[in-house]
Amino acid sequence: MSSIRIFFVGGLTSYRALFGWLSPWILIPTFCVAPLFQILLFAYIGRTTHLESDKFYVVGNALQYASLPCLFAMAQTIDGERYQKTLSVILATPAPRLPLFLGRSLPVIANGILVSAFAFTVGALLLGVHVPTGSLGSLALVIAVTAFACTGLGLVNAAVGLRFRDTAVSSNLFFGFLLVFCGVNVPLHNLPGWMSTLAQGVPLTHGIEAARKLADGSSLGDVRRLVAAEAFIGLIYATVGYGCIRLMERVSRQRAALEVA
Amino acid sequence: MNAVRIVLVGFVLHLKMLSRSAFTGILGVIWPLFFATTAFFMFRTRHDPSALLYASLGASVMGIWSATSVTASSAIQRQRWEGTLEPIVATPAHFSLVQLPIAIAMSTIGIYSMASTLLWGRLLFGIHLRMVHPLLFCLAVPVTIVSIGMLGFLLSVTVVRYRTAWALGNALEYPIWLVCGFLVPLSLFPGWVRPISWALAPTWGVRAIREAALGGSPLWDVAACAALGLGYGVIGALLVGTVLRSARARATLSLT
Numbered sequence: 066m067s068s069i070r071i072f073f074v075g076g077l078t079s080y081r082a083l084f085g086w087l088s089p090w091i092l093i094p095t096f097c098v099a100p101l102f103q104i105l106l107f108a109y110i111g112r113t114t115h116l117e118s119d120k121f122y123v124v125g126n127a128l129q130y131a132s133l134p135c136l137f138a139m140a141q142t143i144d145g146e147r148y149q150k151t152l153s154v155i156l157a158t159p160a161p162r163l164p165l166f167l168g169r170s171l172p173v174i175a176n177g178i179l180v181s182a183f184a185f186t187v188g189a190l191l192l193g194v195h196v197p198t199g200s201l202g203s204l205a206l207v208i209a210v211t212a213f214a215c216t217g218l219g220l221v222n223a224a225v226g227l228r229f230r231d232t233a234v235s236s237n238l239f240f241g242f243l244l245v246f247c248g249v250n251v252p253l254h255n256l257p258g259w260m261s262t263l264a265q266g267v268p269l270t271h272g273i274e275a276a277r278k279l280a281d282g283s284s285l286g287d288v289r290r291l292v293a294a295e296a297f298i299g300l301i302y303a304t305v306g307y308g309c310i311r312l313m314e315r316v317s318r319q320r321a322a323l324e325v326a
Numbered sequence: 626m627n628a629v630r631i632v633l634v635g636f637v638l639h640l641k642m643l644s645r646s647a648f649t650g651i652l653g654v655i656w657p658l659f660f661a662t663t664a665f666f667m668f669r670t671r672h673d674p675s676a677l678l679y680a681s682l683g684a685s686v687m688g689i690w691s692a693t694s695v696t697a698s699s700a701i702q703r704q705r706w707e708g709t710l711e712p713i714v715a716t717p718a719h720f721s722l723v724q725l726p727i728a729i730a731m732s733t734i735g736i737y738s739m740a741s742t743l744l745w746g747r748l749l750f751g752i753h754l755r756m757v758h759p760l761l762f763c764l765a766v767p768v769t770i771v772s773i774g775m776l777g778f779l780l781s782v783t784v785v786r787y788r789t790a791w792a793l794g795n796a797l798e799y800p801i802w803l804v805c806g807f808l809v810p811l812s813l814f815p816g817w818v819r820p821i822s823w824a825l826a827p828t829w830g831v832r833a834i835r836e837a838a839l840g841g842s843p844l845w846d847v848a849a850c851a852a853l854g855l856g857y858g859v860i861g862a863l864l865v866g867t868v869l870r871s872a873r874a875r876a877t878l879s880l881t
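Protein chains in written order, with this note's numbering: chain A, 66 to 326; chain B, 626 to 881.
Treat the hints with caution; some may be incorrect.
Chain B stretches covered by chain A per the calculated footprint, using a threshold of three residues with CB under 8 angstroms from any CB of chain A [claimed, not checked]: (1) 706-715; (2) 789-795.
Here are a few chain B residues that sit away from chain A, every Cβ distance over 12 angstroms (derived from the structure) [what the hints assert, rightly or not]: (3) Ala628; (4) Leu638; (5) Thr670.
Calculated directly from the structure, the hints in this document are not laboratory data.
Computed from a prediction, not measured in an experiment: that's the story for all the values here.
Glycine is no exception: its CB is placed at the ideal position from the N, C-alpha and C atoms.
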């Protein structure tokens, strides 16, 4: 019972504290303006290079922006606590770590879904991209699975935050890595072989591919393997991330480096 | 003479400080490379070496704006956190003489990104940087850097009353990349976008750099870029007086 309370109440409280500073003056530029302009930037480069259609860039960049809150907010759950001087207090409590950390990821996934759905909807309207109405429900599911997978990577990033001070740098590096490797703007067959191979084991790749097929009219059944692969990859990253957090927590305690990492 | 000394010493001091920051140093170099790499892969499909060089030159200027936009918009807020804003405002030196070198130091940091993008394109994508007018190229680059710094200065004083200005600076990164034609020809945009592009110094800066490298007459572009940069500086200096007077009168300088 206590674990369930920590998972839901702790997660929600942490999210509210994390985004206590998130006034509309930050929310609108970060989660609304930036993704739309990223879509427009690559759609126009695509028009210049005649590489792919606008739909390709709307789907790719909208889904990739799900990773923004997932990476930054998960890292901030560690870095933010350190900044507020509450990290050592939290880690000194006997609270079970699984609900403590995973509870914090649930609101972040919801945040990722909303950002991605907004970018997808408004990006499609701005560029006149048509998506079959029947695919919208399935697309929402793919966005949710992709946000979950990115939050798994976010947990790894949070673990990095236990040992390195500047998580803004690591979050940006992960975000940029996903942009280049996951077929967001360049079809995987146009990337070098080692990059497209590496992309198969990274969140986003299968989610984006599934979303593109759905946007072209495929059914959920047609892309079920891609969705399952995305969910599986997310699960692996979440497990590795949680394991890394526990490991880094132990190392930080041994070296008395919780506050000074 | 005193004003020149303030600007020069401030510039060197802030250049040193920014060079030691992981966020502006390491990330400032690597972040634009992600976008440059993506753009190179996209342009490479055209199998046209001149298209790749076009992209490489545009992508190299992206880093200068990236280094400026977020840091310049949050420059005053950072001084608030550090507790140095009030003492700086209270000094007899004009505030713009203190703020201007900070913004130019920020855009100068972008030269690391510019060099690394050109080198990245050369080593990984085989993009040969050939220059038709090397001297004009060497003129166009510093003029572009200073003008972008001036735009950063104007941005920093415009958002002096905006507590979360860094978010605005962050959101302005892509729009400037887009409308200034760093990677997309302006002719592709709707007609109403072009006057906005013409009012922005980076548009002329990147055009001057491209024409100096690929051939053309970049002098007019250099002049337009410098004139706009000077205009931003004058507007910023005039605006800073009004903004600071208002903040002093309302006791809202610290925004607490």
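Each hint tested on the structure:
By the rule of at least three residues with a Cβ nearer than 8 angstroms to a Cβ of chain A, the coverage given for the stretch 706-715 of chain B is violated, with 0 such residues. Counting residues of the stretch 789-795 of chain B whose CB lies closer than 8 angstroms to any CB of chain A gives 4, so the stated coverage by that chain holds, three being the minimum. Distance to chain A confirms Ala628/B as a non-interface residue, since its nearest Cβ pair spans about 34 angstroms, more than 12 angstroms. Non-interface status of Leu638/B relative to chain A is upheld: no Cβ of that chain comes within 12 angstroms, the nearest being about 22 angstroms off.
Annotated as non-interface, Thr670/B brings its C-beta within 12 angstroms of a C-beta of chain A; the closest such distance is 5 angstroms.
In this structure, the earlier hints numbered 1, 5 are contradicted, and the remaining ones agree with it.
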